[in-house]
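Its first residue numbered 1404, the sequence shown is counted upward by one per residue in the working numbering.
Keep in mind the hints are simulated off the structure, nothing from the lab.
One thing to keep in mind: the hints can contain errors.
Stated by the list, open to error - Straight-line Cα separation of at most 30 angstroms, DSSO-like style, residue types lysine-lysine; simulated pairs:
(1) K1461 to K1409
(2) K1704 to K1684
(3) K1657 to K1489
(4) K1657 to K1684
(5) K1413 to K1451
(6) K1704 to K1692
(7) K1657 to K1413
(8) K1704 to K1461
(9) K1692 to K1489
(10) K1461 to K1489
(11) K1704 to K1489
Claimed, not checked - Label-pair distances were calculated between CB atoms; the ranges are:
(12) Q1562 to P1679: 42 to 52 angstroms
(13) P1452 to K1489: 20 to 30 angstroms
(14) D1618 to A1560: 26 to 36 angstroms
(15) E1624 to D1494: 29 to 39 angstroms
(16) G1642 to K1409: 27 to 37 angstroms
Beta carbons: idealized from backbone N, C-alpha and C, even for Gly.
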Amino acid sequence: MASPRKYPGKPIRMIIPFPAAGVTDISARLLAAAMAEELGQTIIPENKPGAAGNIAAKYVADAAPDGYTILFNNSATHGINPTLFKSINFDAERDFTPILYCSSSPNLFVANKNFPGDTIADFVDIARQQGPAVMMALGSLGSSQHMAAELLRHVTATQFTTVPYRGGALALQDLIGGTVQTLCDGYPSSIQHIRRGTIKALGVTSPERIPSAPDIPAVAETLPGYSAYGWFGLVGPAGMDADVVAVLNQAGNKALQDPELRSRYAEVGATLHGGPPEVFKQHIQDEIKRWREIIIATNAKPE
1404 MASPRKYPGK PIRMIIPFPA AGVTDISARL LAAAMAEELG QTIIPENKPG AAGNIAAKYV
1464 ADAAPDGYTI LFNNSATHGI NPTLFKSINF DAERDFTPIL YCSSSPNLFV ANKNFPGDTI
1524 ADFVDIARQQ GPAVMMALGS LGSSQHMAAE LLRHVTATQF TTVPYRGGAL ALQDLIGGTV
1584 QTLCDGYPSS IQHIRRGTIK ALGVTSPERI PSAPDIPAVA ETLPGYSAYG WFGLVGPAGM
1644 DADVVAVLNQ AGNKALQDPE LRSRYAEVGA TLHGGPPEVF KQHIQDEIKR WREIIIATNA
1704 KPE
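All chains should be built: construct the whole structure from the sequences, respecting the hints.
Spelled out as structure tokens, the structure:
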């Protein structure tokens, strides 16, 4: 165990469950830099992608609970995956210590600029008329974008076809080129293309419109109660010393007040949260329950 009086006495590794340059990686590195300044100690971001985040989660679950290996977890590792994957080699609640609820970020339903609809209501009408002929691309399976599409298909009783890609960049490229008609994408990667007019937004998946793009309607305005956003936080292995958790939580909360971090997060449509570890623990429990119900209802599969 790390001694709280001496912690942190060496660099901390922040494990990131997805590849470099994506929204998860960018969000993690911004937080790591701001927290390192608060702690007076280096935080080393380390990408361990694979299996929709499960590889990184298992790695941290098996690490020593000394506060020197923490996970930048998200709605996949600690919300969706526990139900989506039938065989998973960690327990998202018992094997981790919640530290900080960092942020949440919406997804976007977007369309090729020549798609005949301009709103989510238009999309639903077209999907009801054309069924599986309507294609919606996904950057990956098991992501919050995948679940957003599954939930949309379920609540509208439509049968549009989802087309998984090996990464959001390829899916977005095919959307712009017209290979696919629509895409459920992370906010940061699509918003600049929307503003340039190369693609168009059908709706944002957060419960309400977001301040950085107030002209994009929330899907919930058409489908009341609809919500399918991604979120991020920090957890460590189970059994961490409460005082060490408190040090990390305090540094994280202070980091979330950093003007540069707040500005950068706002650029990617993120809402900052913070608060004590107990709030994040409850959030994880609520998200696992919510996505369990959705995945069972939609019969969603990871492949």
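Verification of the supplied hints:
no.	hint	result
1	K1461 to K1409	27 angstroms, holds
2	K1704 to K1684	26 angstroms, holds
3	K1657 to K1489	38 angstroms, violated
4	K1657 to K1684	19 angstroms, holds
5	K1413 to K1451	21 angstroms, holds
6	K1704 to K1692	17 angstroms, holds
7	K1657 to K1413	20 angstroms, holds
8	K1704 to K1461	21 angstroms, holds
9	K1692 to K1489	15 angstroms, holds
10	K1461 to K1489	15 angstroms, holds
11	K1704 to K1489	9 angstroms, holds
12	Q1562 to P1679: 42 to 52 angstroms	44 angstroms, holds
13	P1452 to K1489: 20 to 30 angstroms	21 angstroms, holds
14	D1618 to A1560: 26 to 36 angstroms	29 angstroms, holds
15	E1624 to D1494: 29 to 39 angstroms	37 angstroms, holds
16	G1642 to K1409: 27 to 37 angstroms	18 angstroms, violated
The structure fails hints 3 and 16 (numbered hints given earlier, in ascending order).
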